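**Q** Residue strings, one per chain:
Protein chains: 2
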Amino acid sequence: MLDEQPRGFRTCAKNVGIKDTTLDFTVIASEVPASAAAMFTQNRFCGAAIHVGREHVANKQLQAFVINSKNANVATGEQGLANIREVVRLVAEELAIAPDNILPSSTGVIGRQLPMPQIRQGIRGIAQEMRSGQLERAARAIMTTDTHPKMRSCRIGDAVLVGIAKGVGMIEPNMATMLSYFMTDAQIEPELLHQYLQEAVNISFNMVSVDTDTSTSDTVAIMANGLAGHVDHEAFRQALQRMAVELAKELARDGEGATKLIEVTVADAESFVQAKRVAKSVVNSPLVKTAIFGEDPNWGRIAMAIGKCEEQTAIVPEKVSIAFGDVPVYLGQPLRDEDLAHVKTYLSNAEICIHISLGLGNASARVWGCDLTDEYVAINGKYTT
Amino acid sequence: MLDEQPRGFRTCAKNVGIKDTTLDFTVIASEVPASAAAMFTQNRFCGAAIHVGREHVANKQLQAFVINSKNANVATGEQGLANIREVVRLVAEELAIAPDNILPSSTGVIGRQLPMPQIRQGIRGIAQEMRSGQLERAARAIMTTDTHPKMRSCRIGDAVLVGIAKGVGMIEPNMATMLSYFMTDAQIEPELLHQYLQEAVNISFNMVSVDTDTSTSDTVAIMANGLAGHVDHEAFRQALQRMAVELAKELARDGEGATKLIEVTVADAESFVQAKRVAKSVVNSPLVKTAIFGEDPNWGRIAMAIGKCEEQTAIVPEKVSIAFGDVPVYLGQPLRDEDLAHVKTYLSNAEICIHISLGLGNASARVWGCDLTDEYVAINGKYTT
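From first to last, the protein sequence lines stand for chains V and R.
Using the UniProt record's numbering, the first residue of the first sequence is number 1, and each one after it goes up by one.
Using the UniProt record's numbering, the first residue of the second sequence is number 1, and each one after it goes up by one.
For the record, the hints were derived by calculation from the structure and aren't laboratory data.
Please note that a few of the clues may not be correct.
The list treats identical chains as one, so a pair stands whether inside a single copy or across any two.
Here are the simulated lysine-lysine pairs, DSBU-like style, with alpha carbons at most 30 Å apart [as the list claims (entries may be wrong)]:
1. Lys19 - Lys344
2. Lys382 - Lys344
3. Lys382 - Lys276
4. Lys319 - Lys382
5. Lys276 - Lys249
6. Lys319 - Lys60
These numbers were taken from a predicted model, which means no experiment stands behind them.
Let the hints inform the model, and build the full structure from the sequences given.
**A** Have a look at this one:
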């Protein structure tokens, strides 16, 4: 699925036996130290790897991502922190790079210590297992309940940008995202790289919600190793934004148990904050999500979800309009029941777009989510047992 | 189920054909004008009846509740408002009472006009259908997806207090509640009655969430007609609070598709606001709710839900403790996996109590919710079709 890969990145994705025999340990390393930026979860119960990652990206330089799945190493106290520091040190020794140029991530169950004997054994000799052109395999190795790997690549001048992402449950990132990594051989100064990453995350991962739950392990990070030289900055910025939005939508489309991608656009709001609050309220409403799963044209629930955003939000029902795709259902007052037949047809699509105008101003926001199904309940009723 | 009923209240609960042939229209009237208080939804898309109810309770006097189910009369514009005013006027004429002493409520589907010909026909001659001692029938007539009526009665001195409530979906009341009515023959001055109602609602209905969705029709109202004379105020206040908490818990226990009642207590918080925010975050987390449905001792999700309350909430993971019932699972760090066997046993109960200490202060809060099941998805996937 990746047409091209950036120069100077080598990857190893293997099983070290953290939980079962599937891929659970990934290293992505640049040949040379790279400009780097990262954003992390705002969850106070954040993972041990998040603490270490924050320290290591502070100087805006990284050389490797080290990611384990099947165990989030969260709520594990001092022991958990010591364990992830040891993982970083062991990988650094094997690859002969500086430990503080490594950004670690862990994803999986919360509240269990990492199985260190298995991990130590798995890291031994890993330098000999690093290969070029293996980023697809990395996208696969970081999955948990994802049904397929999420990745994108694009060319900007002589450089290539690749992004990979995972995460389909415990997804309502806040100022950060689930695990997502971008690798490029473009040369971008660290300050600009950080700015571009923030801009991209704010319109992509921060606009996605599968289930309103903010993961303890959210991380998005980028390395730009410069091996392809200088590229047009605006082209790079736009490519990164486009790629981040595409990966974010893929997370929502693959939401646990989901059968439909839901896109909610709120226009004519007083502010971006208001537009985003209303859009998130609609895309997160369990009643809206179940109605869309059932292909039930119950648009009144959208009105309910708009109206419940009462804090600082002066919604005026008479100024609001609501449409499914191109089919209006409410224009300050309800349309005739006969018009709902078109909505029923529209709801059979796999992508449902809800357009809302608040009639209050010029700001807008777009968010993505998915329907709520019996399969979500089944997946999450028996996760650890 | 009601041992006693207050003096001077007559009831008619009948079918007028709003949607099907089940009970859909209820009038509860006092023989004399009563002290009254009410609280309503904060949802901006509130129902037409809410507008009229706010006007009519402003002078702290009411003589009747008029409640229809099967149609919420929400997002119905000017026509919806005219319709409910006509309903109130017709009932007032039949009962020979003042229209502005009637508090109307509507609950059901959003976005459809009331079927006025059927309702006009149903109201005609209703004075002859009013009976004493029929509050149980009223509790039944106001149900929508409720599986059983919710009601309580108690004696305070010579007076009796009866409360009825409905609502098991679109339930996260905000400063108000779903439909709930209290009738008493105690004599209580209107200002005190309002204060007592507010106090009771704040620790009961405002602490319940079935699905985070705030209904457009939430109303709680009380009439005290004074026919039993003066009662001990403190006894009345406590009885009202106890009854409100019991009815609120019944709503959560009967939550759409629910198999378990969840009670979350957050102690040792900096403030009530912080304690309530954390407790609501836990009781509303889809991942916590599905794990409890599956009887999966996945307490890490509780840590996640505590940690995601990052706004203004300085959670310190090392100070937090979490227990299921009497069984601790996290005391600043995880306990051994062997201890989780007790949790698994505990989770087979029908009432699950989660105790959280934040270790930060002396405030606490208690909230109620329910598990998230495939049945919730089934009920809400096909509500209008």
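**Q** Okay, which hints does this one fail, numbers in order?
**A** Hint 6 is the one this structure does not satisfy, whereas the remaining hints hold.
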